[in-house]
Amino acid sequence: MPTVDHYLVLSGLLFCIGAFGLLTRRNAIGVLMSIELMFNSANINFISFSKFLTPQALTGQAFAVFVITIAAAEAAVGLAIVVLMYRNFDVVDVDYIDFMRW
Amino acid sequence: MIEHSYIIALLPLVSYVLIVFFFSKRDKVASGIAITAVLISFVLSVFALFETLADKGPHIIRFEWIVIPGFSLPLSIYFDPLTSVMLLVVTIVSSCVHIYSLGYMHGDPRFPRFFSFLSLFTFSMLGLVLSGSFVGTYIFWELVGLTSYLLIGFWFEKSSASNAGKKAFITTKTGDLGFLLGLLVMYFFAHTLDYQTFYSLVENNQISAGVLTAIGILLFMGAVGKSAQFPLHVWLPDAMEGPTPVSALIHAATMVAAGVYLTARIMSIIVVSHTAAMTIAYIGAFTAFMAASIALVQNDIKRVLAYSTISQLGYMMLALGVGGYVSGTFHLMTHAFFKALLFLGAGSVIHAVHTNDINEMGGLQKKMPITAITFYIASLSISGIFPLSGFWSKDEIFGAVMREGHYFLLIVAVLVAGMTSFYMFRLCFLTFTGKPRDQHKYDHSHESPKNMTYPLMVLAFLSIFAGWVGIPWLHKGYSSFVFFEHPHHESPVIWLMIISTIVALSGIYLAYLMYYKRSIDPVKVGERFKPIYTFLLNKWYFDELYMGTVIKFVYWFMEVLYRFDVGIIDWFVNFVGRFGLFNSRLWQTFDVYIIDGAVNGAGYLTRWISGGLRKIQTGQVQNYAFVIFLGVVLLILFRVM
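These protein sequences, in sequence, are chains D and W. Each residue of the first sequence is one higher than the one before, starting from 3 at the first, in the working numbering. Each residue of the second sequence is one higher than the one before, starting from 11 at the first, in the working numbering.
Quick caveat, the hints were computed from the structure, so don't treat them as lab data. Please read these numbers as outputs of a predicted model, since none were measured by experiment. Treat the hints with care, as some may be off.
With the C-beta cut set under 10 angstroms, the calculated list includes, among others, these residues of chain W facing chain D [stated by the list, open to error]:
| no. | residue |
| --- | --- |
| 1 | Val631 |
| 2 | Gln632 |
| 3 | Asn633 |
| 4 | Phe639 |
What follows is a list of derived Cβ distance ranges for each label pair [claimed, not checked]:
| no. | chain 1 | residue 1 | chain 2 | residue 2 | range |
| --- | --- | --- | --- | --- | --- |
| 5 | W | Gly621 | D | Leu60 | 49 to 59 angstroms |
| 6 | D | Phe101 | W | Thr599 | 42 to 52 angstroms |
| 7 | D | Thr71 | W | Ala608 | 51 to 61 angstroms |
| 8 | D | Ala78 | W | Phe648 | 28 to 38 angstroms |
| 9 | W | Gln627 | D | Arg28 | 14 to 24 angstroms |
| 10 | D | Leu81 | W | Phe636 | 42 to 52 angstroms |
| 11 | W | Phe636 | D | Met35 | 15 to 25 angstroms |
| 12 | W | Gly621 | D | Leu81 | 13 to 23 angstroms |
| 13 | W | Ser620 | D | Leu60 | 49 to 59 angstroms |
| 14 | D | Asp97 | W | Val650 | 31 to 41 angstroms |
| 15 | D | Lys53 | W | Ser620 | 50 to 60 angstroms |
All C-beta atoms in this analysis are idealised placements derived from N, C-alpha and C, irrespective of residue type, glycine included.
Here chain W stands alone, though its shape is the one from the complex (with noise of 0.2 angstroms):
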């Protein structure tokens, strides 16, 4: 399967192509064609993942692709077994949103569109994680990017839909310019874009450290812009104005860990490089900490939902920097299945009662029992309760955040782990317990159709077992197999489980005292700390800051530029045209009086003189020949004298 491995990739664009160009009216035929072809490359990857298993590889299949003389510029495919595993998260959980955005956008004007739009982004997705080159991984990296933006603008009719994507699209362009700066400082000095090639360089220490430094940090700017880190995370929460399947497929499990794994992608470097991998860790620690505090007091679901979603790639970011490429990719996974379900169940949440706000719920879990309890699983496993897929992963992080020693770092993710634990109860009391806030809406809703429901079945399941493979006395799970260089076997470190978990367990008391109980009034705790409440309520003032800063600035360069255009480009075209056309005067003088008299002139000099010469032209034929013979007999004299 490895050799033929993209296939994997391509059905989704065949199904693209044909939902495109013949069935852009046929709602059923556009879904099915889409939900099939996942499905095959799902299970074409369940046949991939077991051909790894068996060897690890990592494989390699080259493709000409740019061939010039003295250049070439290759595609591959690199297939290990971070790009095994990574294909069975994006084909999961894209047939899990496939089949669920039957139900959720069932009646939309736009289906088929929809659905063509789901298989191009799966096709960018799974041809990001196939990409053996840099230069393959920045063409799907930007194709994921348009897909994205296409999908949150999928209601453009809204012009808070419409401006969500452009300000996605432009603030993940902006840390993708690092990722071109960074493939062109790669090219100059190692001459290659090619995984493998590259990598060999930097273990043969070919390449030296100040480059590696330069190429890591630009690199990992593109890898900031798309998964959502500071500073560039202001367009997720914004991004949540697309469809919920979208927000779960691409803002929480998929595109946005596109980063995550263009970061594990680099990890040769940040072996390498302590400056890079400084700068990974602390921005991702600092982004951790930040989102998770402005989800503390947010009151869209969805919103709550993207903050946790910066924070926990925050969490990936800030393993990865520290080497811990096994937790940071582990994690990645586990994130993937539970924070897709957590988006799916809030999805079937607004689905029913038709609103984002969390104060305008309450009491829903008698009305939706499956959404509820999917709901609290998944809740379960992202606060790392034992023994959910989240308490493995997570686990893994502190412990590799402790083994290299960044106390400080340590400190800050138990921390962010009971946050994350609060906001994500104060979000499930605030929406399944109590009592209904509205009424009115609480009557109208209802449990969602099946096809919605099996997905979050499924989803549960994962979030709950899937991090079983990582199980620390597994001496055969996740690490064996998915690790860099060679396998690390560390052993658990039960006092740090402990204390993740009491954290864990703490922030789910104090949501249940404040959000349940109600022992705590959380509305005193906001009049109490009021500045900070403001301040997380207004998301740090991100948006103001760019605003006032970023924004203003590109404003007022406009003006000058606008301002130049005007007096200095557009005076000078105007010159050129009035010169233009005083000089074009000048010439029509000349061209009435002297080329237009000339012509005319020879006209008239032949029309006179034709006048007085047509009159031998007499018609009678005697007379022709009265000229052929005196011809004649002139010529004969002449030819005698």
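With the rest of the complex left out, here is chain D (with noise of 0.2 angstroms):
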């Protein structure tokens, strides 16, 4: 029977590669891929002490719910931006929009 422990271990772990994959994945949907690793790793904590802390109350689904609406808007802004940089630079190469710097 996997306690609370178990899930914490598994969602530290998906937050970690979320968050490495973000931090140097080149490519734009890989990032945002990365992104998505971590927003679920956030739910999978906010379940599993739901689940273990207050079993009665699901207010932990309901928060993994906006969670992941908030994700999918996030998805579609972020995909969309991918879109507009392809079009306009032929690249989906995140080191390459550095425009905004001194």
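Put the two chains together into one complex, using the hints given.
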């Protein structure tokens, strides 16, 4: 029977993988995907705490649904940016987009 | 009507405003408005006269004007028989002059402006007459002075006219200073400037005699300026530079009479203060004599009349000074009519021959009969020939002087009467009879148009009959209407009347011999008495005297002040300026090196630091995200530890 620790370890691993991807991926799509990973690690946290600490109330689950909604909206905006990037510069490389510098 | 008597004064003001703001380019409309306004005022004045005949009053209407806690300065209307007589005189003469000006000023480029000034003057004069407090009187007093200045200098292109305007203004202002001081003294001691309140204070002996004397003499100074009495008479002859209707209205009949009116209004002081009374009487008598003597030899038709006016005003002052309230104001009324007529007649002559010099006239009665006849009537009236109005009023004055026992003044007055008839008929004979001395001007002369001759006829009528209200045998006449405190019925002095008539006739006869029959050659008479003749021709050298003393002193003082200005004030100002300049150079150095250095240094420092720091901003999102993570991790670490 898995305990809350197992879930937390999973979620921690997922978060670190997501963070590593966010900081290292050059491909913009990859960056977005890494962000999704981090969202979902947070969702796992919410649900596991809810499940093990207050099993009657569904607060964690409700938060997870909200996070998924926000993630969908974020992905839509992010993908739109990526599409525009590709149209204008023919690349989806985030290193290339450094116009907002000194 | 008396309740609303301010309307009488306000109508001409309305006319003035209308002309100035709406009809300043419309000759006919402007003159129409002005004449209508003054005629309505005249009709209203007649109504007011009837009301005063029924109830003498005085009717007093007060208006709040300046109210401060502990101090209030009300304006008021003081309506008594004298007011109503003055209103009538002013509106009649003003109406005549307005109508006369239609012809006289015809074709003048500033025709509407002339009428607007006439309206403004009429307003001021009516206000002056109606005013029931000395402060109101003073305000309107200055207003008539202003309009007088404007009208004397109406033809300001002529430098003589604009100079005459200035001279009149400054000279009368000198007297007005006395008036103002008088008001201040009055307010200081009596705490009122209201006619009636002041009168009752005087009657109850609540003001000491010395103060009253001071007030009386100071106020009389104002009257001296305005009524052209010695020693401030010099402006009036020069004021003849103005258009002739103006001379008739302002400098003969109304404004110059304001001084007499004011003196009549302070009759209660004159009664109490012997000193003030004698000052007034002697200045009046001296002025009458001096002006008449100058008028004997002048050659400018208007100047003769001007000196005659001064002389007659002197008579009125003399009468008031000896306590002849009735006779002074009565002469004021009759004089207004015949002197206005004389001036308008002279204007008619000038209009015809385009010269003021009587040596270039002569024989004009054939060409302009109406002017000549009316001029003769006025001359007879001013000379005091029975039964014209001048006879009655002049005789009243003689009577008043005699009853008070001032025999020296009486002799002077009678002598002046003889001189008056002489110079008036000298003027008549030289202008209207004999051979034309300038044939060209004679040929081009013509009788004036109807709008000029009709006013002459109206005034001629009044010159004959206006005095009849004061016939001494008539007990319901002038003296029972206009009087001071209570009416006196003085029995006429027949022998005085006979003497004055004889003197007047002998003056006329002498003029007849010299200038009509020419059995006495005036040139030879002039040669015979050359020093006196030159003295009189140069107007007693008053202008030169003032030039040599007062004006020279003013110039000298001006020079001193100028030197003071240049030497001390300017030096000091320049010193302050130079010091400021030096000081500011010092500060400039400080500013440039220290302040600017600090400011610029701060700028340079900021740029230098930011030059290094800005490198952090790479524009790469992942760098920023890395920094954020690093920050979060550090925060957590700190929290944990």
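Outcome of the hint check:
Because the closest C-beta pair between W:Val631 and chain D is about 6 angstroms apart, less than 10 angstroms, the hint holds. At its closest, the beta carbon of W:Gln632 sits 6 angstroms from a beta carbon of chain D; the interface hint therefore holds under the 10 angstroms criterion. Because the closest C-beta pair between W:Asn633 and chain D is about 9 angstroms apart, less than 10 angstroms, the hint holds. This hint holds: W:Phe639 has a C-beta 6 angstroms from the nearest C-beta of chain D, less than the 10 angstroms allowed.
At about 56 angstroms, the beta-carbon gap between W:Gly621 and D:Leu60 stays in the expected band of 49 to 59 angstroms. Between D:Phe101 and W:Thr599 the Cβ separation comes to about 48 angstroms, which falls inside the hinted range of 42 to 52 angstroms. Distance hint check: the CB atoms of D:Thr71 and W:Ala608 are about 57 angstroms apart, consistent with the given range 51 to 61 angstroms. Taking 28 to 38 angstroms as the suggested C-beta distance range, the pair D:Ala78 and W:Phe648 conforms, at roughly 37 angstroms.
The beta-carbon spacing between W:Gln627 and D:Arg28, approximately 20 angstroms, falls within the hinted interval of 14 to 24 angstroms. The hinted range of 42 to 52 angstroms is not satisfied by D:Leu81 and W:Phe636, whose Cβ atoms lie roughly 23 angstroms apart. For W:Phe636 and D:Met35, the hinted distance range of 15 to 25 angstroms is satisfied, since their beta carbons lie about 18 angstroms from each other. In this structure, W:Gly621 and D:Leu81 break the distance hint of 13 to 23 angstroms, their C-beta atoms being roughly 38 angstroms apart.
Taking 49 to 59 angstroms as the suggested C-beta distance range, the pair W:Ser620 and D:Leu60 conforms, at roughly 52 angstroms. Judged by the Cβ atoms, the range 31 to 41 angstroms given for D:Asp97 and W:Val650 holds: they are separated by roughly 34 angstroms. Judged by the Cβ atoms, the range 50 to 60 angstroms given for D:Lys53 and W:Ser620 holds: they are separated by roughly 52 angstroms.
In this structure, the hints that do not hold are numbers 10 and 12, in rising order.
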